[in-house]
Amino acid sequence: MKSRLAALASEMDQLQEFEREPVSPTHFQTARQFAGLFAGEHVAATEFVIGAFFVLHGVALKDLLIGLLFGNLLAVLSWTFVCAPIATRTRLTLYWYLRRIGGPAFMGVYNVLNGALYCVLAGAMISVSATAVGALAGVPAPGLNDILPTSIAWPLIALCIGALFTIMAILGFEKFSRFAVVCSPWLFVIFVACAVAVLPALGVRSDFSNLWEVASTRIWNGIPSSGQEKFGALHVMFFAWFANLAMHIGLSDMALFRFAPNWKYGFLSACGMYPGHMLAWICSGIMVAGINRQMDPGLMAIQAGGIAGGAAVMIAGWTTANPTLYRSGLAFQAITPNWPRWRTTALAGTITTLLACMPVFFLHLLDYVAIYGLALMPVGAIVVAEHWIFPRLRIEQYTAERRGWVMNWMALLVWVGTLLFCYWLPVHLYFKWLPGYLFAVFTYTLAAALTRRLAPVNYSQGARV
Amino acid sequence: MIVRGLAGLGLMVCLIIPFLFFEGSVTDGVYKTVLVLGSLVWFIFATLAMRRRNRA
Numbered sequence: 104m105k106s107r108l109a110a111l112a113s114e115m116d117q118l119q120e121f122e123r124e125p126v127s128p129t130h131f132q133t134a135r136q137f138a139g140l141f142a143g144e145h146v147a148a149t150e151f152v153i154g155a156f157f158v159l160h161g162v163a164l165k166d167l168l169i170g171l172l173f174g175n176l177l178a179v180l181s182w183t184f185v186c187a188p189i190a191t192r193t194r195l196t197l198y199w200y201l202r203r204i205g206g207p208a209f210m211g212v213y214n215v216l217n218g219a220l221y222c223v224l225a226g227a228m229i230s231v232s233a234t235a236v237g238a239l240a241g242v243p244a245p246g247l248n249d250i251l252p253t254s255i256a257w258p259l260i261a262l263c264i265g266a267l268f269t270i271m272a273i274l275g276f277e278k279f280s281r282f283a284v285v286c287s288p289w290l291f292v293i294f295v296a297c298a299v300a301v302l303p304a305l306g307v308r309s310d311f312s313n314l315w316e317v318a319s320t321r322i323w324n325g326i327p328s329s330g331q332e333k334f335g336a337l338h339v340m341f342f343a344w345f346a347n348l349a350m351h352i353g354l355s356d357m358a359l360f361r362f363a364p365n366w367k368y369g370f371l372s373a374c375g376m377y378p379g380h381m382l383a384w385i386c387s388g389i390m391v392a393g394i395n396r397q398m399d400p401g402l403m404a405i406q407a408g409g410i411a412g413g414a415a416v417m418i419a420g421w422t423t424a425n426p427t428l429y430r431s432g433l434a435f436q437a438i439t440p441n442w443p444r445w446r447t448t449a450l451a452g453t454i455t456t457l458l459a460c461m462p463v464f465f466l467h468l469l470d471y472v473a474i475y476g477l478a479l480m481p482v483g484a485i486v487v488a489e490h491w492i493f494p495r496l497r498i499e500q501y502t503a504e505r506r507g508w509v510m511n512w513m514a515l516l517v518w519v520g521t522l523l524f525c526y527w528l529p530v531h532l533y534f535k536w537l538p539g540y541l542f543a544v545f546t547y548t549l550a551a552a553l554t555r556r557l558a559p560v561n562y563s564q565g566a567r568v
Numbered sequence: 511m512i513v514r515g516l517a518g519l520g521l522m523v524c525l526i527i528p529f530l531f532f533e534g535s536v537t538d539g540v541y542k543t544v545l546v547l548g549s550l551v552w553f554i555f556a557t558l559a560m561r562r563r564n565r566a
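Taken in sequence, the protein lines are chains X and E. The numbering of the first sequence is the numbering used here, which starts it at 104 and goes up by one. The numbering of the second sequence is the numbering used here, which starts it at 511 and goes up by one.
The set of hints was computed from the structure by calculation and includes no laboratory data. Among these hints, one or two may not hold up.
[Said to hold, decoys possible] Which residues of chain X face chain E? A few of them, derived with a C-beta cut under 7 Å, are: (1) Trp289; (2) Val292; (3) Pro303; (4) Leu305; (5) Gly306; (6) Ser309.
Each residue gets a CB set at the ideal place from its N, CA and C atoms; glycine is no exception.
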């Protein structure tokens with residue numbers, strides 16, 4: 104068992120080899136590059152669904168604005184005060200830093216789970232793109248409560264799009280990721296254009312004098328659609344905060360911030376949050392009101408923007424699914440017997456495409472986003488405890504690395520224990536992660552304090568790595 | 511410089527045309543056609559600009 108784990112770890116290390124060295128100052132990125140990166144990453148296909156779902160969940164206009172304003176602020180602060188400081192101190196990716204803390208097998212578990220979660224996310228993106236093709240071909244999108252496809256045509260469209268996206272992911276990630284950079288400003292403009300074009304149909308006068316009244320009575324009127332749970336400002340705020348939980352609190356954006364000259368670059372995440380997770384969500388809310396609250400991203404974009412709107416849904420789905428498929432393939436490469444990357448990407452693409460045929464994933468995207476962040480959050484808590492708290496309590500750091508452990512079982516136990524704690528916590532899914540995070544930090548610190556030896560004083564004072 | 515300017519122009523057209531439709535200055539058909547054309551101009555020239563920058 105131990106030798107198998109070690110072999111898997113060695114294979115995974117080879118995949119990440121080019122990221123092993125801490126970033127040198129000559130490779131630091133400018134503030135403009137960071138702002139552009141964040142602005143481009145957070146206008147995606149999910150935005151067509153999330154903003155629309157807020158309308159369906161009966162969010163009132165004031166609740167929406169307050170929730171988005173503060174939720175996105177909390178997300179920006181999480182990047183700035185949690186993720187960026189660790190990244191700029193270590194200059195390592197989460198992969199290599201977690202390897203020091205949890206051992207290579209722990210990192211393997213994280214990678215595979217992340218890969219599997221990515222597959223579901225990419226599947227949802229393919230489903231969103233399928234609604235655009237479906238709307239053009241006259242195939243209705245599945246109903247809000249559907250789990251399985253309701254017609255033969257829907258899974259056929261999803262299979263074709265999934266196959267296309269998978270082939271493109273196999274052909275070359277680099278080339279297409281560069282093209283994705285071209286798409287992002289255009290996508291943002293299409294969101295705004297489609298929302299503006301829907302306003303006359305909703306009754307907004309050309310001088311915008313009744314915009315607030317229309318927005319609060321015909322769009323975010325506080326009445327949920329049939330079968331949908333009622334959301335308030337707190338739901339919106341927590342959703343906006345945890346929409347990228349795996350990236351900021353979960354620390355996977357250490358991969359980006361290790362290129363930042365200092366931790367203050369975390370504030371630049373606001374360039375992605377406010378246009379993408381505030382303005383684009385508002386725009387998609389307006390669009391769904393324009394088609395009488397049907398959850399059909401393709402139809403609402405085509406109705407609002409014609410062919411350009413439909414193309415935006417397709418392109419947004421593809422630019423999100425493409426790197427996601429690539430990363431899943433990379434994660435699976437480590438657990439397959441020397442399979443080449445194209446084959447693991449094909450495997451990830453096949454799983455993803457089959458998942459895309461089930462409308463349940465995109466129709467429950469909000470819950471899935473919550474579960475995705477929740478599942479990876481304890482890892483961020485473990486890293487924070489090891490990086491910030493252990494030196495102050497003089498607890499030995501990086502024991503797994505020092506003693507050559509393949510697996511830090513204590514960290515794995517805390518991870519699983521935190522998820523069980525969250526599962527049993529009698530609060531709404533959206534609010535579970537925060538107490539769970541505190542639970543993980545506390546239990547990991549307590550367990551380490553009881554089992555590990557004290558670090559020498561000079562070491563604990565200079566915790567910089 | 512010209513290529514980047516043309517790309518920006520395409521994007522600007524995509525941003526302005528829905529407001530003209532909102533005001534009632536253009537019809538739905540014109541708005542949607544111009545939106546597609548502006549998008550094409552953006553993709554062609556932004557891709558060209560990116561390729562030139564990568565070569566440099």
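Item to check | Hint check, failures only | outcome: Hints 4 and 5 are the ones this structure does not satisfy, whereas the remaining hints hold.
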